[in-house]
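Protein sequences, first through last, are from chains E and G.
Heads up, the first sequence is in this note's numbering, so the first residue is 1 and it goes up one at a time.
Heads up, the second sequence is in this note's numbering, so the first residue is 1 and it goes up one at a time.
The hints are simulated quantities; they were obtained by calculation from the structure and are not laboratory data.
Watch out, some of these pointers could steer you wrong.
Stated by the list, open to error - Sample of chain E residues facing chain G (criterion: CB under 10 Å; computed from the structure):
{"id": "1", "residue": "A91"}
{"id": "2", "residue": "E92"}
{"id": "3", "residue": "D199"}
{"id": "4", "residue": "L215"}
{"id": "5", "residue": "P259"}
A virtual CB, placed ideally from N, CA and C, is assigned to each residue, including glycine.
Residue-level listing of the chains:
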Amino acid sequence: MTLLQTRNLEVGYRIPGAGLLSKPRILPIVHNVNLTLHPARTLGIVGESGCGKSTLGRALIRLIAPTAGQVLWDGVDMAEMPPQTLRLRRAELQIIFQDPVAALDPRMTLARIISRPLATFEPGLTRAALTQRAVLALQQVGLSADFAHRYPHELSGGQAQRVGIARALIGKPRLIVCDEPVSALDVSIQAQVVNLLMDLQDSVGLALVFISHNLSIVRHISHDVMVMCLGRVVEHAPRDAFYARPLHPYAQALMLAVPEPDPTRERHRIGQSLPGELPSVLNPPAGCVFASRCPIVQPRCHAERPELRDFGGRQAACHFIEA
Amino acid sequence: MPLTPTTANLLSVRDLVVSFRLPGGAMTAVDRVTFDVKPGEVLGIVGESGSGKSQILFSLMGLLAANGSVGGQAVFQGQNLLGLTPAALDRVRGVSLSMIFQDPMTSLNPYKRVGDQLAEGLRVHQGLSKSDAWRSAVKMLDRVRIPDAANRARRYPHEFSGGMRQRVMIAMSLLVRPALLLADEPTTALDVTIQAQVLDLMAELAREIGTAIILVTHDLGVVARLCDRVIVLYGGRIMEQGSAEPLFINPVHPYSQGLLAATPRLTDALTPRLGTIPGTPRSGGAMLPGCPFAPRCTVKIAACETTQPPLTAITPDRHAACHLTGAP
Chain E
1 MTLLQTRNLE VGYRIPGAGL LSKPRILPIV HNVNLTLHPA RTLGIVGESG
51 CGKSTLGRAL IRLIAPTAGQ VLWDGVDMAE MPPQTLRLRR AELQIIFQDP
101 VAALDPRMTL ARIISRPLAT FEPGLTRAAL TQRAVLALQQ VGLSADFAHR
151 YPHELSGGQA QRVGIARALI GKPRLIVCDE PVSALDVSIQ AQVVNLLMDL
201 QDSVGLALVF ISHNLSIVRH ISHDVMVMCL GRVVEHAPRD AFYARPLHPY
251 AQALMLAVPE PDPTRERHRI GQSLPGELPS VLNPPAGCVF ASRCPIVQPR
301 CHAERPELRD FGGRQAACHF IEA
Chain G
1 MPLTPTTANL LSVRDLVVSF RLPGGAMTAV DRVTFDVKPG EVLGIVGESG
51 SGKSQILFSL MGLLAANGSV GGQAVFQGQN LLGLTPAALD RVRGVSLSMI
101 FQDPMTSLNP YKRVGDQLAE GLRVHQGLSK SDAWRSAVKM LDRVRIPDAA
151 NRARRYPHEF SGGMRQRVMI AMSLLVRPAL LLADEPTTAL DVTIQAQVLD
201 LMAELAREIG TAIILVTHDL GVVARLCDRV IVLYGGRIME QGSAEPLFIN
251 PVHPYSQGLL AATPRLTDAL TPRLGTIPGT PRSGGAMLPG CPFAPRCTVK
301 IAACETTQPP LTAITPDRHA ACHLTGAP
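The following block holds chain G by itself, in its conformation from the complex (with noise of 0.2 Å):
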């Protein structure tokens, strides 16, 4: 991985940290993260609560709670995003950066039009009339294959389904067609045909137009229909990336081997039980001064408690976190 960020990447982000100060002092939730993006890839985070997954694209995206700090670099298209004025970040967000989140109904405004809500951000971003708003809007609408778009872009969120709120969703933030989409966990609150369609339709869309999307999840199975890259992240670091389908085959950290190890297949042979990982996902409190799985790994050395392994290069295209884990 090159250390400086080149320009054949669309987003390139270097030693992010994301701390928050509590009561009981700084919570370090994002501990120097550094990957990239190139156009058009589709690129996972996957890890359980407490990770950090989600503070990643809330500081790409200038949305940290007020207690939050940020640090480290987030280049795309030739602008760092952390050092930019509230004015100068409004510009890239509405753009050619967008966002998409868990539960569609909170992110949608109760009290205005649906077909509204949608054309507001080409009115301010790209100066379309209203009537020309509209209708890019409703096209939009149908695009996502909202049933008769016409008329439902005069309907309030409350009367849309979950699934249909999320197609909305996935309308609003595709129709300034951006170079990159954040999406935080758009399918966990759908049912499972319903979050079947939702993915195809990102997948469409993204290929259509050419976006490319950091897709933050807890769900592998989603990561592996959607994603060309992935990262796995515990307790705030990378601890393994690569693409994903080599990495699912063959993970090589013992964190992704357990969650993958977690994680039943329909067509795997039956086991008398699941594999699992001892413990708790961490949650809060201050680093640990070696790997943040530690007390959970089974196969853990006395270096591990006190050192953090490196992200190091296993194949040119894997990179992972272990002490245990060298160049081949």
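One chain only, chain E, in its complex shape (with noise of 0.2 Å):
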């Protein structure tokens, strides 16, 4: 069974035009993904700041419009959903942030945050039963039920993220899109937060997908992997066969990059990095968009962009991956 699915799906953000009096235009952030997600699954999107990943997460659960392709959510097009049964079919498809503290109203008690959602999903509970619902999305995420009538300052980063996670779950969502959840905590605070989120998707089937830049919990957490630079998915995998061996130079690269706990290791990487830096979104390469710092990269790779590829169940978006 198939949760969500996108079809060539472009998002963009519009600017201002060039001149004083030109048209405001669309500019290009996330460009063709088409991806598929079921039930119980996790898939990581990886890739480094501008790459797009938070724009497709949102894009996803229709935060965003796309600017072209669309989003098909149990084999709906969400573009079609009429406004009010897309209001009431958000309960299934819910957000996590970075900041857990910003992500909070610092005026409301926990249980108003939480229960919040409730008011549009299911309205015209009592005080009482909102109250009582936020308890239990608490205690699903592990805080106690005393937890409901404090205020976001008196929480720790880690807490913080724990109510995001419960006022995510209380409309029973279906998915639960998870942008860098757990990249401002403390690092035993990760580990907590990332075996809560595997717990729930255990305990009720949740589907995530799991935005982060770091490959290390993204491999933990994910059973399909995609990578992406500026805009495009370079590479698309299960878990196992992406971590075995990446296939685009870009993903290679950014394995080699990520410094690990092993300092036997970690000695030979030094001096290993690649130079220059990833071009900008507002001035985007006609070619590969890795070619500025590929280290294969070929006189092709600027003139004619790769397209992805299939190679056995994978695919990857590099002109010279021999399959």
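The task is to assemble the complex, starting from two chains supplied on their own in separate frames and drawing on the hints.
Here is the structure:
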């Protein structure tokens, strides 16, 4: 059963035109994404800042409308859903954010923050019923009932992220987009939150989109991995195949760049970094997005953009991968 | 560890205490921390938020907040940094002690051209002429691989990317060829491939100039890549210290063990769940009578709540502060 599917999804932002009187134009951010998500599965989306991973995550749950292509939820194009239907179905599609404290209204109690979505999804509940549901959600994320009457400033970062997850859970979602959910947290707390998400997936069959720059954590939580670079998917593969042998030179570079807590291995990685920086989204290259930094670049890469090709159950976008 | 500072060490910190006056009373951020840095050595200080890791650097640099106070001793090239007058400290800071910070944008002056900011230190501290200082600045920018350095030096910080700004900061801090560089989370704000470049650059320049580095970070991977020795800090105290490689392979303190278990590696066998440390890092409050890690420790005994475990030698190279880890 397919939960979510995209077809040639394109996402962009409206920006002012070049001149004073020129019309606003669309700055394309995410190009041609095709993905499928099943219940109880996790898709990891990896990339560096500006690669479009957060924009894609938001477009998947239609916080941003695509500029072209489709997002199908349960087989129905979300653009075709009547606004009232879409509004109610949003209970099924939730998101948690990178900065867990900024995502909570400082003037509301946690019970109110967590139960707020129910005003839309299940209107008419009494105050007592709302609090009771909030307490249940708190317990689901490992916080005790007495947190219900606290305020966000009383929380540590890890607790605040649990509250963000509780709020996402209250409408009984089938998919949660997790946008860098642990990168603002302390190391010992990151592991707690990742384990919590995995437990929730096991117990209620949640699908997760896990957006992160941390390849080790993505490996731990994901079933499939997608690598993005400058708005394009450069590799998309099942987890084990990807980590055993990433095909795209950019994915390989990322894998080498991640520092690991292993001095013996790390000693040999000093001096191995790739020079240069990625081009700007405002001025994308005509050819391959990674051409300016690629260690195996050829003239063809600057002229012709490689499309995603199939390599036995996985895909990568490079002219020079041997099948 | 010798208890009196020796000349073989570039920096000898003894019983460093940093505390802050707060409306609710005093808060101790760093509690009797003792360590040495040898010339050219890279020392990593790892810890989570509230461990006091950054405050160690700020206190050495004389940059504590106005409500902060410092105790103990930090002998650097024969003088106690903690007892210097502001003018004397300025002479040390411009010549042999530099610092780089996590956020390169807020450490650069947005109103001044990058080249002028670099040249300023050379003119003030080494008395170079304007044109000589500018030439050295451009050379250093080129050295840290800023493309088209001669023209780039005429530009302002906002015209640089995050990775380039951090390389500018590194250029600025190493221009005076300091004996010791203090680096506070220097790559935390950067993307991984850019982080790799900056770490490479720090390693390369430190070797070339012979600069010692104290690198403060929460990232065990960064420590593993760059550091010769590691201090694991928790709640303002040293939990464990020793040479990087053996410590990572065989951590003896429950906190170091927990931290390493919570950090997945790409090469680990996959486990159903990540290792965790229960509870949350200490945030402020009074010092506990016992071990600061006791509230989160899964193997604690009664003594841990009441008596501070002293930092003791496990091997000549390794020290740990835990009641459960005696000498082998």
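We went through each hint and held it up to the structure:
no. : hint : verdict
1   : A91  : violated, 28 Å
2   : E92  : violated, 26 Å
3   : D199 : holds, 8 Å
4   : L215 : holds, 6 Å
5   : P259 : holds, 3 Å
When each numbered hint is compared with the structure, violations occur for hints 1, 2.
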